[in-house]
Amino acid sequence: MTLETMLAPLRAKRAAGEAIVVAGVGSGITAAGAKAGGADLLATYGTAVYRILGVPTVLAFLPYDDANKLTLGLLPEIVERAGDLPVVGGLGAHDPRRSLAWLVGAARDAGASGVTNEPFAGIYGPTFRAELERSGYGFSRELEMLRLAAREGMLTLGWAFDPDEARRMAEAGIDVIGTMTGITGAGNDAGAIDEFGAMVRAARDERPDAIVLLHGGPLVDPPSVAAALAATGADGYATGSSAERGPVLTGVRDAVAAFKALRTNAAR
Amino acid sequence: MARQHTRTQVLARLRATLEAGRPLVIGGAGIGLVAKAAEHGGIDLLMVYNTGPFRMAGHGSLAGYLAYGDSNAMTIELGHEILGVVEETPVIGGIGAADPFRDIPRLIDQMIGMGFSGITNVPTTGLYQGDFRAHIDATNLGYPREVDLVRMCRERDVFTLAYAFSPDEARAMAAAGADVIGAHVGLTSGGWIGAQKAMDIEAACASTQEMLEAARSERPDVLVVAHGGPFEDPESVRRVFETTDVVGYLGASSIERLPVERAVSGVVREFSALPFRGVIPPIGR
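Top to bottom, those sequences are chains A and B. The letter at position 106 of the first sequence is residue 106 when you use our numbering, and the numbering goes up by one with no holes. Every position in the second sequence, counted from 1, becomes a number in our numbering once 1000 is added.
I should point out that these hints are in silico values taken from the structure, not numbers from a laboratory. Watch out, some of these pointers could steer you wrong.
Pairs of lysine to any residue residues, derived as SDA-like cross-links and limited to a Cα-Cα distance of at most 25 Å, are as follows [said to hold, decoys possible]:
#, chain 1, residue 1, chain 2, residue 2
1, A, K69, B, T1139
2, B, K1036, B, R1013
3, A, K69, B, A1073
4, A, K69, A, A110
5, A, K69, B, D1070
6, A, K260, A, R245
7, A, K69, B, P1100
8, A, K69, A, R81
9, B, K1036, B, L1258
10, A, K69, B, I1112
11, A, K69, B, E1077
12, A, K69, A, G83
13, A, K35, A, S99
14, A, K69, B, D1103
15, A, K69, B, R1102
16, A, K69, B, I1076
17, A, K13, A, V252
18, B, K1036, B, D1103
19, A, K35, A, V220
20, B, K1036, B, P1259
21, B, K1036, B, Q1110
22, A, K35, A, T2
23, B, K1036, B, P1023
24, A, K13, A, A198
25, A, K35, A, V252
26, A, K13, A, R207
27, A, K69, B, A1057
28, A, K69, B, G1058
29, A, K69, B, M1056
30, A, K69, A, R151
31, A, K35, A, A19
32, A, K13, A, V55
Coverage of chain B stretches by chain A, computed from C-beta distances (three or more under 8 Å per stretch; other residues unrestricted) [to be verified]:
#, stretch
33, 1090–1099
34, 1106–1112
35, 1169–1177
Since the structure is predicted, the reported quantities are computational estimates derived from the model, not experimental observations. Yeah, the Cβ is synthetic: ideal placement off N, Cα and C, and Gly gets one too.
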């Protein structure tokens, strides 16, 4: 699929005022569900795998797994379920033992149509992130990886944690810019909306036609996302736990509870 | 194969060093050669954990705190290598207590079963800060689980060295029964890929002393050693020995990364500087 073929539907949605939805998925069945729900793009990455395992996603940023191996292992299964829907693979650019070119090539070979910078250094907070940047393994390397993927004709989804990162993503010509305020369900609403707004403005000031999405913090359901889209002027939302962990848990719980409510003849 | 020591034996060795008027020197080893050389230098305790292989592959220790490998599996693999080349020195292994896939008591048994003489809390969630740290702690797999790790080791009479980053953590680790506390003042500076923004040495000494006093107020017999930040070479460590009550120094980058960087580049420079009488051969066809 050419980059233009992937981007044209997103631009059309934006022009029509429809929210663009990128669905983060960690299994074939949730990929199939997201596709059936009309997702515009699928994304797969290490934290989505942890969601499916029932493990808190924040633990996917700790040294108990190889995030790149998780993504590369899962990609073929997601791509197979996705059919003609493009799939974006999350790659960790700070992996000291793999070159960026190898990582991007491996994601492409595994069927990814695009690349995103997850895991991201921004999640670790300012001090740790600054230390990573100084050692050459921070945000700049994430940007370098996305540029490399863009040169290969792949779609790029770039995550930013502050206005400066959003501006740099826009400046680098990243196709879709995701703005993020931290782990879903955390943080104060008003503060997070201001942070989102500042990132959206920073990206648009740099490139007025940038496609900008929101994710994380207080955005947990359609009403909270609707309010944030209205307040910030963003083009859409990237789902994570909100369209995977929650729906799986409640769906399975309700199904089991409904069967448990049945009575046998012995009760009569 | 490294001799396995009981907790009592490790403590007796450490106290013998102190009684002989020498400070404790404890170091991490990410490759067998470093472990051998450190033992020859008379190191009191060797530590094996996942940041070692990253360091000795030319990367920063911080790589061991990102999600590019299973730290506990790396420590076990490296443990076989290091235990195989060490003779008398006690070797302890790191356990990452936030591991969502392993049962900690079984992991302790496995590591003692393979020949380690004790346990340390590496990788530690103490290295993370702010919101991220709060999210980790909210999963119940954060620093308090590392305190539990130390308590479980003590219940099994397994020697522990616990890294602490604040007086409260030092006190909690002392209460849990840690034998040695490594008062951690941040990533080690210096060299080509060391931390660039270490705490200044006065502040680092003050912070070390505060952790020491907190730990000793809980348990007067606990041994406290200095680690990290600006304490990167014998000169800077001399300062912390002079201005605080620590009884030793714990180095990882300073014991293996910095010496290898200096020694290898130095000897290559020396070879390159030699005069030679050979002539440049003609270019072949």
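Quick rundown of the hints versus the structure:
Pair hint A/K69 plus B/T1139 holds up; C-alpha atoms about 24 Å apart against a cutoff of 25 Å. Between B/K1036 and B/R1013 the CA atoms are separated by roughly 19 Å; this keeps the pair inside 25 Å, and the hint holds. With a C-alpha separation of about 15 Å, the suggested pair A/K69 and B/A1073 falls inside the 25 Å cut-off, and the hint holds. Between A/K69 and A/A110, the direct Cα distance comes to roughly 11 Å. Compliance with the 25 Å bound is thereby established for this hinted pair.
Taking the CA atoms of A/K69 and B/D1070, the gap is about 11 Å. The hint holds against a cut of 25 Å. A hinted pair counts as satisfied when its Cα atoms are at most 25 Å apart, and A/K260 with A/R245 qualifies at roughly 22 Å. Proximity of A/K69 to B/P1100 is assessed by CA-CA distance (about 17 Å); at most 25 Å being required, the pair is judged to hold. The hinted pair formed by A/K69 and A/R81 meets the criterion: a straight-line CA distance of about 20 Å does not exceed 25 Å.
For the given pair, B/K1036 sits about 17 Å from B/L1258 by alpha-carbon distance, which is consistent with the 25 Å threshold. For the suggested pair A/K69 and B/I1112, the alpha carbons sit about 30 Å apart, so the restraint of at most 25 Å is broken. Between A/K69 and B/E1077 the alpha-carbon distance is near 19 Å, which keeps this suggested pair within the 25 Å criterion. Distance hint between A/K69 and A/G83 is fulfilled; the C-alpha atoms sit about 23 Å from each other, no more than 25 Å.
Between A/K35 and A/S99 the alpha-carbon distance is near 32 Å, which puts this suggested pair outside the 25 Å criterion. Distance check on the hinted pair: A/K69 and B/D1103 sit about 23 Å apart at the alpha-carbon level, within 25 Å; holds. Pair hint A/K69 plus B/R1102 holds up; C-alpha atoms about 19 Å apart against a cutoff of 25 Å. Taken as a hint, the A/K69 and B/I1076 pair is honoured in the structure, with Cα atoms around 20 Å apart against an allowance of 25 Å.
Taking the CA atoms of A/K13 and A/V252, the gap is about 32 Å. The hint is violated against a cut of 25 Å. In summary, the hint linking B/K1036 to B/D1103 is not supported, as the alpha carbons are separated by about 32 Å, beyond the 25 Å threshold. Distance hint between A/K35 and A/V220 is fulfilled; the C-alpha atoms sit about 20 Å from each other, no more than 25 Å. With a C-alpha separation of about 14 Å, the suggested pairing of B/K1036 with B/P1259 holds against the 25 Å cut-off.
Of the pairs offered as hints, the one joining B/K1036 and B/Q1110 holds, with about 24 Å between alpha carbons and a cut-off of 25 Å not exceeded. Distance hint between A/K35 and A/T2 is fulfilled; the C-alpha atoms sit about 20 Å from each other, no more than 25 Å. As the CA atoms of B/K1036 and B/P1023 are separated by approximately 20 Å, the hinted pair is consistent with the 25 Å bound. The hinted pair formed by A/K13 and A/A198 meets the criterion: a straight-line CA distance of about 23 Å does not exceed 25 Å.
At most 25 Å may separate the alpha-carbon atoms for a hinted pair to count; A/K35 and A/V252 meet this at roughly 19 Å. The straight-line distance between the Cα atoms of A/K13 and A/R207 is roughly 18 Å, inside the 25 Å bound, and the hint therefore holds. Proximity of A/K69 to B/A1057 is assessed by CA-CA distance (about 20 Å); at most 25 Å being required, the pair is judged to hold. For the given pair, A/K69 sits about 21 Å from B/G1058 by alpha-carbon distance, which is consistent with the 25 Å threshold.
Of the supplied pair hints, the one linking A/K69 and B/M1056 holds, its CA atoms being roughly 22 Å apart against a limit of 25 Å. Pair hint A/K69 plus A/R151 holds up; C-alpha atoms about 23 Å apart against a cutoff of 25 Å. Distance check on the hinted pair: A/K35 and A/A19 sit about 15 Å apart at the alpha-carbon level, within 25 Å; holds. With a C-alpha separation of about 34 Å, the suggested pairing of A/K13 with A/V55 is violated against the 25 Å cut-off.
For a cut-off of 8 Å, the count of residues in the stretch 1090–1099 of chain B with a CB near a CB of chain A stands at 3, and the three-residue condition holds. Coverage of the stretch 1106–1112 of chain B by chain A is violated in this model, with 0 residues showing a Cβ closer than 8 Å to a Cβ of that chain against a need of three. By the rule of at least three residues with a Cβ nearer than 8 Å to a Cβ of chain A, the coverage given for the stretch 1169–1177 of chain B is violated, with 0 such residues.
Hints 10, 13, 17, 18, 32, 34 and 35 from the list above are not met by this structure, while the remaining hints are.
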